[in-house]
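Q: Residue strings, one per chain:
Number of protein chains: 2
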Amino acid sequence: MSEFQYFSFMTSPVFSVWEKGALWSVLGVAVLGLLYAGFLMGQVLREPRGTPKMIQIAEAIQGGANAYLSRQFKAILFLILILTGVLYFTAQEHHIALGRACAFLMGAVFSATVGFVGMNLAVRGNIRVAAASRTSFGQALKIAYRTGTITGMLTDGLGLLGGTMIFMIYGERAYEVLLGFGFGGTLLALFMRVGGGIYTKAADVGADLVGKIEKGIPEDDPRNAATIADNVGDNVGDCAGMAADIFESYEVTIVSAMILGWASFGHKGVIFPLLVRAIGVLASIIGTYAVRTSDKVRDAMRAINVGFSLSAVASVIGFTTLGFWYLRFPGSGPLPFRFSLGVPGLDMRPVWTTGVGILLALTVNRLTEHFTETSKPPVQSVAKATTTGHATTIITGLAVGYESTVWAVLAIAMAIFASALIYSGTNPTFVAYGVAMCGIGMLTLTGNNISMDVFGPVADNANGIGEMAHLEPAARQTLADLDAVGNTTKAITKGIAIASAVVAAVSLFNAYITDIGTILKRTYEQVAATLTLAEPSVFIGILIGGAVPFLFSSLLIHAVGRAAGLIVQEVRHQFKDRAVWEGKKLPDYARVVSICTAAAQKELIGPALLAIVTPVVVGYAFGTPGLAGFLGGAILSGQLLAVFMANAGGAWDNAKKSIEDGQYGGKGSEAHKASVTGDTVGDPLKDTAGPALNPMIKVMNMVAMLAVPLILAHRGNPPLRWGVVLGGLGVVALALRFSKREIQSRVTAEEPVPQAALK
Amino acid sequence: MSEFQYFSFMTSPVFSVWEKGALWSVLGVAVLGLLYAGFLMGQVLREPRGTPKMIQIAEAIQGGANAYLSRQFKAILFLILILTGVLYFTAQEHHIALGRACAFLMGAVFSATVGFVGMNLAVRGNIRVAAASRTSFGQALKIAYRTGTITGMLTDGLGLLGGTMIFMIYGERAYEVLLGFGFGGTLLALFMRVGGGIYTKAADVGADLVGKIEKGIPEDDPRNAATIADNVGDNVGDCAGMAADIFESYEVTIVSAMILGWASFGHKGVIFPLLVRAIGVLASIIGTYAVRTSDKVRDAMRAINVGFSLSAVASVIGFTTLGFWYLRFPGSGPLPFRFSLGVPGLDMRPVWTTGVGILLALTVNRLTEHFTETSKPPVQSVAKATTTGHATTIITGLAVGYESTVWAVLAIAMAIFASALIYSGTNPTFVAYGVAMCGIGMLTLTGNNISMDVFGPVADNANGIGEMAHLEPAARQTLADLDAVGNTTKAITKGIAIASAVVAAVSLFNAYITDIGTILKRTYEQVAATLTLAEPSVFIGILIGGAVPFLFSSLLIHAVGRAAGLIVQEVRHQFKDRAVWEGKKLPDYARVVSICTAAAQKELIGPALLAIVTPVVVGYAFGTPGLAGFLGGAILSGQLLAVFMANAGGAWDNAKKSIEDGQYGGKGSEAHKASVTGDTVGDPLKDTAGPALNPMIKVMNMVAMLAVPLILAHRGNPPLRWGVVLGGLGVVALALRFSKREIQSRVTAEEPVPQAALK
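Going line by line, the protein sequences match chains Y and L.
Read in order, the letters of the first sequence correspond to residues 1 to 759 in this note's numbering.
Read in order, the letters of the second sequence correspond to residues 760 to 1518 in this note's numbering.
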């Protein structure tokens, strides 16, 4: 039956030959992106790997990272297969159901591939960066950046490939199948973010506590059994987690733009966003390839920014030109000059909303930069506060974080407003299409964003390898400089991930309403009217939805504490072996890696269940209006918390760096101690709880979309309905109890180990 | 014309003679409550005042507190008068407009009176408690508790008096006038909470930083110029601020119950909540008078709890009996047994929803207790975390706070759900009446709650006086025990304040819709349909509304830092006088008090403007749907933040106390230092930003209600509309700039004073 749909596209009179060609070209660009990734891969892998010592260390990191991911994939394979089966039953027609289930699998596999391949390259790139640092800063930067670009182009390529293929096969029914594709990617992203986030911070904190604090040895000292796990953590958290997460936003925005484009502009509405994406891929190829720098450190950020600007300009010129030629609707009503540019039939509105998205991406990047960059007032106020103690450091960081989240939310609100304003006076589907195109614009330069993000852990790892392999001082300085650049680029791109989650969720909301309308045979307006704030269940949903991100964050913070406690015990145990302490024997790195892996797998269960189960419980208990409120509340408080956590954590981190660079007494001063407290408080916020909130929001949205037909079908069956609610509550209670038990054991335990973890 | 309305009630055939009598009885009970307050006042004032030294100290506190409040009242008098004028123009008919303006003044004056008289008594009661502590714990507790009860009964009495009088004069038009009454109370509460909160923490932190930390002298050492200001702060923040805040919730809930009662059940719907309140006043009199204890410390909490339970049982029996006899509607349709108890025409639904409110109050109290009491796992987990350093202490406190806010929100959501469920299948007005009655039930025992709350600062002050006047050790121990009891009772009641704000706001929402409907001549359903989540402006409103509490908190945290900085400078300056340092000359307490007062007045401008102006800006920019979303978002994130701040702060505070009582090494240990960090971080959260969020939410709601007619009237006038938006944004920008300028000066200032403030 899928064949039938496939031919319906090929033979469809709706699409001109030109358009069919364009779609095939989009597929071609997707493949081109993948080929470019392959080309860069070859380039990076051809670089020299350095000394045997370096190779030994890098292989340990590589082994650990692969061990983690394969264990993670094995652990969730079962769940993925079950859900594939469940998904089959969320659609009524056989061929849609089958397509959705397959697309779900494909989404999950693509997301996993982006994470796996990207991380795999990162752990191969790091050693090559370290080796290059011995001769040239410029070369080291280029390798690190290109390693990141591989992941970026994989994200672009696979995202575009999946969406386009499904559209070509399913045509106007593609939406129902794309939902499966989006959910697969989202779910994987949630697991990667949560598991990776717990792993990376447990290893980091555990290594620091025993190494830096208890034993007074440097950060990446090879005697410390947790150093490899720490370096692995940077890859699984920042690289694989982030890539899977952004891949998913990339998918969801294209999914919603295609659905809404079809409903509002017909075929041109679908093809335009795909072409914009294709242009973005080409622009990213040009921009990322252009990143090269002299051996001067201060040129580094400039080179990366020039690459970004180049891509931005190329894509704006590209999609504006495209829109000018393609978006013509002969016979349509006259539009004001600002939309038609005086050309009859021309409708530039999709172009303008895409532009709003690009502006939003730039604004969010600048905001993040303002609140987390060392030279700016917010970080300086935190640095200053360290001179008056631990408490002022924390308080100032909290205030900075709270303020930063306000501006991010306002930027998003204004972008949504602008997109809606462009379509004001039309119908809700047009408006939603405007918001979706804003999301498309925002993620146009995904290739560049991921390059910048992955650059962070690669540079960080290269620095670690340099330290552990005792490279010469000049190379060490080069690597330290590179690490600092990586910290900045990594921090800047964090804002995009959460903002895109919000925009994607908003544009999906329209589909939520349309879905309910289709099932209940009501008009859009009738359904929309039931989702009013005047309805108590909507308001109750908002309250409950708003609470979930707080509970989720609380669980994750506790989880990091517990997992780190296990690492501390193991590292302490290994140090008892004199040969290890004296450096005559290598510690058992693999054991720590495996403990970290197991702990992260175990701890991700509770938070993941919370994200998957609560929308179902709320939907069954309070109906679709309650579920709509729930999503609204979760988006709001999730966004506020995520940005607060990312920026407060970033500000504390950079305040510490600023002091370590000599400000306010430098290393060893009282101010430095206070800054370490700030950084340690910020770590689980900015690297575990905060980033995990993005996929959490998106998973809850996707689950809600998929559960709607079931919720409506079971309305008239109270025993089933309340059975689901009670069963779901039972699952949530178990997840909480799991966490509670540990809190209490911490209180009564003889040795204060788990909490000790967070130094 | 108000005479006309007055007689319309007296001669109205709608009210039976019995009911007219009942209303007069309610007025009588209100007066009785005031008389009881007067009686207790006489009792307290007749107690002995102790030694001349004590009198001297107490008079200094008293003088400072009065100076603060009179300056505060003077500062806002101008604003109040302007707003009285503005309010006149928010109503269209002359007699309603005049009534609303007068009611606004009355609300403000009543709220100020509750704050002023309550605080005035607290600063007279404290010395008498200190004097009594020299002979008997039981007597000291009784005096402290009764001092609190005076404020409690003033709140009850004036709240009931105002609402009843306005209803008797304006009859069915009372709602429009009551809005003014509610706004007056709310606005005063905002100023008292924000100003008092800044004052109390600036003085506290300033006194501690120079005294305890820099000079190593005890907390209430008379040589410290800031000690009096610190004691004044407890009164203006915890006593006057809290009383004004609860007074306002008490008012708003009765206002909404009366409005909705009239619309749903007619006269019985209005009179029933008034009678429930009257029963609550009587029950509070009985319960509070019964609080007396032996000289055993551990009996203290039991005695207070017995008083509370006694009131609860008395009021439940009272309003159930009343409902059973009064809520009969002959000829109405048959109700299920659970509502009619099998009696034809009986409708017990208002009784059940009132009961839900009482349950919610008890639940919220228990939840607060669980998360902040020393013996419970959450505080113990924070105490345990202090053994592993500053960072774990903060992280654990954050996790505890995040979790606690989830349960509080769920409790509120469940109470709203239960109230709505009782009225399911009826119309929205009935449902809203159910929620309003839940609010009535929740605040029935306001007398007891305020007694418990004000008990805190009175005991704290008595303890301070004992220390400064060098009382004998036995008395000092008694006062320390009393202070500990006060800390517990004060913390427990904090939850009620915020929960009641949320319930009151929800029940007002119905009036918001009805208002719009009346002006636009549309049905309730038509207006409700425009407030759908599907409408972008509603969603944008939710995002902006959710951001405001974060900005507000950030401003307040910075404000405390700056104000404390000024105190630090002054105290340091005074210590340079050798005579002061050697104790031969009293420091200039009044100067510190006056600096604190001035700083609090200056700093409250920005946050207060934010609360007043943003709803107007959002309403003019995004229309009434956007404003509705704005209120929803603000309620959600305000509630989440307020409970998080109160409970995280409470947990840190009590973890510190637990360590000072000898746990984990006691005073002077590393654990103690970490616990002090936690407490200091928690202070501005739990005593300034958190409590100020309640009146902020309520002010925004009230402003929204009052602005609706203007927003709708100016829809068709873009220049005026956007002029208001730009003007409002300008005001907000100025308020922010005010704060920004200071942050930056902090960064560049030579001496790190302002931040130093927060120790």
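Among the clues, some could well be false.
[Said to hold, decoys possible] Computed from the model, here is a short list of chain Y residues facing chain L with C-beta under 8 angstroms: (1) V313; (2) A314; (3) V316; (4) V409; (5) I412; (6) A420; (7) F509; (8) L531; (9) I542; (10) L710; (11) L712.
FYI, nobody ran anything at the bench for these hints, they're computed from the structure.
Built from N, CA and C at the ideal position, the CB exists for glycine as well.
Q: So, for every hint listed, does it hold in this structure?
A: Do the hints match the structure? See the list:
no.	hint	result
1	V313	violated (30 angstroms)
2	A314	violated (31 angstroms)
3	V316	violated (25 angstroms)
4	V409	holds (4 angstroms)
5	I412	holds (6 angstroms)
6	A420	holds (4 angstroms)
7	F509	holds (7 angstroms)
8	L531	holds (5 angstroms)
9	I542	holds (6 angstroms)
10	L710	violated (21 angstroms)
11	L712	violated (17 angstroms)
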